[in-house]
Amino acid sequence: VGECGGSRHGPRGCCRAAMAVLLETSIGDLVIDLKVDEAPVACTNFLKLCKIKYYNNCLFHTVQKDYIAIAGDPLNTGKGGTSVYGKLPGGEARRFFKDEISQRLKHNVKGTVAMANDKPDENGSQFYITLQETVEQLDGQHTIFGTLAEGVEILDKMNSTMVDENDAPYQMIRIWHTEVLDDPLPDPDGLASLIPAKSPEPIRDEAFKRIEGEADEEELQERMAATLAKSQATTLELLHDLPDADIAPPDADLFIAKLNPVTQDGDLELIFSRFGPIKSCEIVRDWKTGDSLQYAFITFENVKDCERAYFKMHDCVIDDRRIFVNFSQSVAKLWNRWRTGSRVKVTPEDLMDSKGKGGKGKGGGKRGGKGF
1 VGECGGSRHG PRGCCRAAMA VLLETSIGDL VIDLKVDEAP VACTNFLKLC
51 KIKYYNNCLF HTVQKDYIAI AGDPLNTGKG GTSVYGKLPG GEARRFFKDE
101 ISQRLKHNVK GTVAMANDKP DENGSQFYIT LQETVEQLDG QHTIFGTLAE
151 GVEILDKMNS TMVDENDAPY QMIRIWHTEV LDDPLPDPDG LASLIPAKSP
201 EPIRDEAFKR IEGEADEEEL QERMAATLAK SQATTLELLH DLPDADIAPP
251 DADLFIAKLN PVTQDGDLEL IFSRFGPIKS CEIVRDWKTG DSLQYAFITF
301 ENVKDCERAY FKMHDCVIDD RRIFVNFSQS VAKLWNRWRT GSRVKVTPED
351 LMDSKGKGGK GKGGGKRGGK GF
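Here the sequence shown is numbered in the UniProt record's numbering, starting from 1 and rising by one per residue.
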């Protein structure tokens, strides 16, 4: 305890009192400070569930890039879980508790922690953590009860994990252990009978989920690549650029974005050609000025080389810029329209951020546990 009476030291060494919980996960530790004044019932629920080790070995079953990560369901399906009040003797009818939505609390900080629920006033055990600074479309819809105090680098690692078509991570991210760092709240009657004598043994998963039994790493990468292609096609359908998300895309095309304006076609082709022969490499330019629009299309001669280039080059630095790489699908349609001056209002940023914004993407403000 610090000399000012605080229970824990902050990131700059200052003491501060805070009800807090440590989540030890399979990829690192997260410390969550709780907002008991604004959400006393939700905070009590979270603290006491941690105390009875309810969250131990739960997965982050849903991770939506640049949006949220959801955990807290012992079934790991997004449909299970109960509040601590429902776990107490005779409390079966109290599986859920009501919302505590404060107009003062917003989703304006990476690491905002809130209840994940399908319907108003149906809060159980599931919660989510935001993976970007602002997720304003969720404001006023879910009970915010905490913020991340330590472990932002763990959130970044979580945000970059590969997921399947249901947003379930290929690399299992599991809560191994929970530790209540500060809890002055009284325990509800009957809670003591639910506290285990010792914590459950953590489940040590394989690095990646096995796919269809005995998939090797190459097959896993192929499945992940196919999932990314499907996701990109769905995004384009939402932007009205595909008649159907199941249209067959060009398998050997890559879409490169966030380029430095000084990067030239020849430089880009030279870098990517180390993965295999390239049919074409063209940086898209403004049809009037000739200035780089900071994204490009590369067509490989075969699919394997294209996939290797994706896995190796995404998030790499070229000319002091960290680039974005994805499978291009029919984004070439946008390129052709832009080059000829036809109607195109979709920008590369729209393609990359559509999952995390409002509208029909995953950030559309719909309530819910899995995929809200």
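Treat the hints with care, as some may be off.
[Unchecked claim] No more than 30 angstroms apart at the CA atoms, straight line, and that leaves these computed lysine-lysine pairs for DSS-like:
no.: 1; residue 1: LYS157; residue 2: LYS110
no.: 2; residue 1: LYS79; residue 2: LYS119
no.: 3; residue 1: LYS79; residue 2: LYS53
no.: 4; residue 1: LYS53; residue 2: LYS110
no.: 5; residue 1: LYS106; residue 2: LYS79
no.: 6; residue 1: LYS198; residue 2: LYS258
no.: 7; residue 1: LYS106; residue 2: LYS119
no.: 8; residue 1: LYS312; residue 2: LYS258
no.: 9; residue 1: LYS119; residue 2: LYS98
no.: 10; residue 1: LYS157; residue 2: LYS279
no.: 11; residue 1: LYS312; residue 2: LYS279
no.: 12; residue 1: LYS157; residue 2: LYS288
no.: 13; residue 1: LYS53; residue 2: LYS98
no.: 14; residue 1: LYS258; residue 2: LYS110
no.: 15; residue 1: LYS53; residue 2: LYS198
no.: 16; residue 1: LYS288; residue 2: LYS304
no.: 17; residue 1: LYS157; residue 2: LYS312
no.: 18; residue 1: LYS312; residue 2: LYS288
no.: 19; residue 1: LYS312; residue 2: LYS110
no.: 20; residue 1: LYS119; residue 2: LYS53
no.: 21; residue 1: LYS279; residue 2: LYS304
no.: 22; residue 1: LYS110; residue 2: LYS79
no.: 23; residue 1: LYS53; residue 2: LYS106
[Stated by the list, open to error] Restraint ranges, calculated between C-beta atoms of paired labels, are given here:
no.: 24; residue 1: PRO261; residue 2: GLU133; range: 37 to 43 angstroms
no.: 25; residue 1: PRO184; residue 2: CYS316; range: 46 to 52 angstroms
no.: 26; residue 1: PRO120; residue 2: GLY91; range: 17 to 23 angstroms
no.: 27; residue 1: ASP251; residue 2: LYS119; range: 38 to 44 angstroms
no.: 28; residue 1: ASP189; residue 2: LEU75; range: 56 to 62 angstroms
no.: 29; residue 1: GLU136; residue 2: ASP29; range: 24 to 30 angstroms
no.: 30; residue 1: PRO74; residue 2: GLY28; range: 19 to 25 angstroms
no.: 31; residue 1: ASP118; residue 2: LEU191; range: 36 to 42 angstroms
no.: 32; residue 1: ASN108; residue 2: ASP164; range: 27 to 33 angstroms
Think of the hints as simulated: they come from the structure by calculation, not from any bench.
Just so it is clear, CB atoms sit at the ideal spot from N, CA and C, and this is done for glycine as well.
Structure-based check of each hint:
1. LYS157 <-> LYS110: Status holds; Cα separation ~13 angstroms.
2. LYS79 <-> LYS119: holds (12 angstroms)
3. LYS79 <-> LYS53: holds (19 angstroms)
4. LYS53 <-> LYS110: holds (26 angstroms)
5. LYS106 <-> LYS79: Within the cut-off at roughly 25 angstroms; holds.
6. LYS198 <-> LYS258: Violated: LYS198 and LYS258 sit about 50 angstroms apart, past 30 angstroms.
7. LYS106 <-> LYS119: Satisfied, since the Cα-Cα distance of roughly 19 angstroms is no more than 30 angstroms.
8. LYS312 <-> LYS258: This hinted pair holds, its Cα atoms lying about 16 angstroms apart.
9. LYS119 <-> LYS98: Within the cut-off at roughly 10 angstroms; holds.
10. LYS157 <-> LYS279: Roughly 34 angstroms between the alpha carbons, so the hint for LYS157 and LYS279 is violated.
11. LYS312 <-> LYS279: holds (19 angstroms)
12. LYS157 <-> LYS288: It is violated: about 41 angstroms lies between the C-alpha atoms, which goes past 30 angstroms.
13. LYS53 <-> LYS98: Holds, because 23 angstroms separates the two Cα atoms, which is no more than 30 angstroms.
14. LYS258 <-> LYS110: It holds: about 22 angstroms lies between the C-alpha atoms, which stays within 30 angstroms.
15. LYS53 <-> LYS198: Given pair LYS53, LYS198 holds - Cα atoms ~9 angstroms apart, limit 30 angstroms.
16. LYS288 <-> LYS304: violated (36 angstroms)
17. LYS157 <-> LYS312: holds (17 angstroms)
18. LYS312 <-> LYS288: It is violated: about 34 angstroms lies between the C-alpha atoms, which goes past 30 angstroms.
19. LYS312 <-> LYS110: OK: LYS312 and LYS110 at ~27 angstroms, within 30 angstroms.
20. LYS119 <-> LYS53: holds (26 angstroms)
21. LYS279 <-> LYS304: Roughly 14 angstroms separates the two Cα atoms, so the pair holds.
22. LYS110 <-> LYS79: holds (25 angstroms)
23. LYS53 <-> LYS106: This hinted pair holds, its Cα atoms lying about 29 angstroms apart.
24. PRO261 <-> GLU133: 37 to 43 angstroms: Cβ of PRO261 to Cβ of GLU133: about 26 angstroms, so the range 37 to 43 angstroms is violated.
25. PRO184 <-> CYS316: 46 to 52 angstroms: Cβ of PRO184 to Cβ of CYS316: about 48 angstroms, so the range 46 to 52 angstroms holds.
26. PRO120 <-> GLY91: 17 to 23 angstroms: holds (21 angstroms)
27. ASP251 <-> LYS119: 38 to 44 angstroms: holds (41 angstroms)
28. ASP189 <-> LEU75: 56 to 62 angstroms: violated (27 angstroms)
29. GLU136 <-> ASP29: 24 to 30 angstroms: Distance hint for GLU136, ASP29 holds at roughly 28 angstroms.
30. PRO74 <-> GLY28: 19 to 25 angstroms: holds (22 angstroms)
31. ASP118 <-> LEU191: 36 to 42 angstroms: violated (26 angstroms)
32. ASN108 <-> ASP164: 27 to 33 angstroms: The hint (27 to 33 angstroms, Cβ to Cβ) holds, given that ASN108 and ASP164 are roughly 30 angstroms apart.
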